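Based on the provided sequences and hints, a complete structural model is requested.
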Amino acid sequence: MKGVFAILLLVLSAQCAAREAPSASDDPVLEKRVIKLTSDLRCLVCQNQSLADSHADLAIDLKNQVRSQMQAGKSDAEIRDYMVARYGDFVLYDPPFKSSTLLLWAGPFALLLIGLLGLAAYLRSRRRRLPDVELTPVDRARAQALLRDGPGNEAQ
Amino acid sequence: MKRFLPLGIFLVLAVFLAAGLGLNPREVPSPLIDKAAPAFRLPQLQDPGKMLGTEDLKGKVWILNVWASWCVACLEEHPILVEFSKQNVLPIYGLNYKDRREDALKWLGKHGNPYTLSMEDNEGRVGIDYGVYGVPETYVIDRNGIIRYKRIGPVTVQILQQKILPLVRQLQG
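One line per chain: the protein sequences are D and Y, in this order. By our numbering, the letter at position 89 of the first sequence is numbered 86, and the numbering carries on one by one without gaps. By our numbering, the letter at position 99 of the second sequence is numbered 108, and the numbering carries on one by one without gaps.
It should be emphasised that the hints constitute simulated quantities derived from the structure, not laboratory data. These figures come from a predicted structure and were not determined experimentally. We put the beta carbon where it would ideally sit given N, CA and C, even for glycine.
Here are some chain Y residues pointing at chain D (derived, C-beta under 10 Å):
| no. | residue |
| --- | --- |
| 1 | Ser39 |
| 2 | Lys107 |
| 3 | Ile137 |
| 4 | Tyr139 |
| 5 | Gly143 |
Straight line, CA to CA, 25 Å or less: simulated SDA-like cross-link-like pairs of lysine to any residue:
| no. | chain 1 | residue 1 | chain 2 | residue 2 |
| --- | --- | --- | --- | --- |
| 6 | Y | Lys107 | D | Gln44 |
| 7 | Y | Lys44 | Y | Leu61 |
| 8 | Y | Lys11 | D | Leu113 |
| 9 | Y | Lys159 | Y | Glu92 |
Structure representation (structure tokens):
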């Protein structure tokens, strides 16, 4: 099993290298920065992958774009703006807080609030439905007998 | 009353889920709508010695259609574009995206050429500027070079008749 996995890894990494080698730079610091930034960007072709993970053609092009912009001295924020200008907030895994994303950010808290209000209302109505019953002396004596002797002796 | 509460919750959930299923996650709203079409200047597909750019197209309403010979979905919309181009409503310019010239020319020869001209974007740089991520894509650009409409995926007869044509008439009017 381990062997198969190793072979698979080898084959896969060979493919990645074949496709990306020409553009990957030798600078490990830069590469780290590229991976860090592209991990926060969504690949639009395969939407549940980040740009860093994806091997779609477009994702590779965009990674190269990110890399060359970094080499040109652009900041991470500038590159993120560049992507948003083209693909919209959708490319960001961490979208900004604004009117169109209000529901996204505030929705869960609104739901939590509704849940808490519902819980409070329920608890209050339950208390109203359970009136304090005063035990008669006969009931009290029976309860004590039950506690002392167990349910088997109840009939006597 | 209480008996119907689960049913009510179920119905609300069902409505939300049904609406969610109806949405297409691939249709990402483009931030480019009502913004200036990114400028480019590219070699013409048929005559690579000549260039064509957004500057040359100022003053007319035009369609930019991103296509490629490797793109299967392009074949779906292609006959519709060919038919539409015969009506001469407005010029359709093709952006040949990440393609090889000989493949592209062969493809046009085989399936017909609806384009006034096509431009070569071999490296996909212009495609990135236009936020292309699912070929074919179609843009309607007005006289001032503003993008007024974007379609991701094949243009259908319905979209052409109900969305693109009314918009084009309004922009030309």
